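Taking our numbering, the leading residue of the sequence shown gets 941, the next gets one more, and so forth.
These aren't lab readings, by the way, just hints derived from the structure by calculation. Quick caveat: nothing in here was measured; it's all calculated off a predicted structure. A virtual CB, placed ideally from N, CA and C, is assigned to each residue, including glycine. Please note that the accuracy of each hint is not assured.
Pairwise CB distance ranges (calculated) [said to hold, decoys possible]:
| # | residue 1 | residue 2 | range |
| --- | --- | --- | --- |
| 1 | Gln1054 | Leu962 | 17 to 23 Å |
| 2 | Pro996 | Ala963 | 48 to 54 Å |
| 3 | Gly1045 | Leu954 | 23 to 29 Å |
| 4 | Ala1018 | Pro1050 | 20 to 26 Å |
| 5 | Ala1013 | Gln1054 | 19 to 25 Å |
| 6 | Arg1061 | Ala995 | 20 to 26 Å |
| 7 | Val959 | Arg1030 | 56 to 62 Å |
| 8 | Pro1048 | Gly1005 | 32 to 38 Å |
| 9 | Gln947 | Ala1009 | 53 to 59 Å |
| 10 | Ser1020 | Gly1045 | 18 to 24 Å |
| 11 | Ala970 | Ala1012 | 15 to 21 Å |
| 12 | Ala1032 | Pro1053 | 35 to 41 Å |
| 13 | Ile958 | Ala1022 | 41 to 47 Å |
| 14 | Ser1027 | Val969 | 17 to 23 Å |
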Amino acid sequence: MTCQRGQALAEVALCLPIVLTLALGSVAVARVADARGGLDAATAAAAQAAARAPAPASAAGAAGGVFEASVAAYGLTAPSLALDLGSFARGAQISAAGSAQVDIGFAPVPGLPQRLTLSSRASARVEPWRSR
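Turn these sequences into a full structure, and let the hints guide you.
Given below as structure tokens:
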């Protein structure tokens, strides 16, 4: 009878770290997926804001402001945005590339880094019928 009780304790001692690692790993994966979606949305919003701007000088400022606000809502760190305004003529294509880091240090899963760097690309067309 005492052998069974000791065996159950040994099984719990062996399985508990595995179960905790799987649980924390799934939380880290969900955090990265949420951050990825947020970065994609922020980059797309920045490209759209730049496309709606009246001039190239204000396009960079508008895109940067929208990008910073959107990234902050998702808890991302070290955000950076690169815009390619092209000719900025009516109907021209504007592309944006954004990157940021997501902190997953809360999940001590072996093999996972403390931070992951994510990147995203988006493009938008300058309105063909807009006025200047």
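Lying within 15 to 21 Å: is that true of the beta-carbon distance Ala970 to Ala1012?
-> holds, 20 Å
Supplied distance hint 23 to 29 Å, evaluated on CB atoms of Gly1045 and Leu954 = For Gly1045 and Leu954 the Cβ distance comes to about 26 Å; the hint holds.
Pairwise beta carbon distance, Val959 to Arg1030, judged against the given window 56 to 62 Å | holds, 59 Å
Within 17 to 23 Å or not, the Cβ separation of Ser1027 and Val969?
-> The hinted range 17 to 23 Å is violated for Ser1027 and Val969, with Cβ atoms some 41 Å apart.
Holds or violated: 18 to 24 Å for the Cβ distance of Ser1020 and Gly1045?
-> holds, 21 Å
In this structure, is the beta-carbon distance linking Pro996 and Ala963 contained in 48 to 54 Å?
-> About 49 Å separates the Cβ atoms of Pro996 and Ala963, which means 48 to 54 Å holds.
Can you let me know if the beta-carbon spacing of Pro1048 and Gly1005 is within 32 to 38 Å?
-> holds, 36 Å
Does the Cβ-Cβ separation between Arg1061 and Ala995 fall within 20 to 26 Å?
-> holds, 24 Å
Given a hinted range of 20 to 26 Å, is it respected by the beta-carbon distance of Ala1018 and Pro1050?
-> holds, 25 Å
Indicate whether the distance between the beta carbons of Ala1032 and Pro1053 respects the range 35 to 41 Å.
-> Roughly 39 Å apart at Cβ, these two residues keep to the hinted range, so it holds.
Can the suggested window of 41 to 47 Å be confirmed for the beta-carbon pair Ile958 and Ala1022?
-> At roughly 42 Å between Cβ atoms, Ala1022 and Ile958 fall inside 41 to 47 Å, so the hint holds.
With 17 to 23 Å as the target window, see if Gln1054 and Leu962 comply at their CB atoms.
-> For Gln1054 and Leu962 the Cβ distance comes to about 20 Å; the hint holds.
When each numbered hint is compared with the structure, a violation occurs for hint 14 only.
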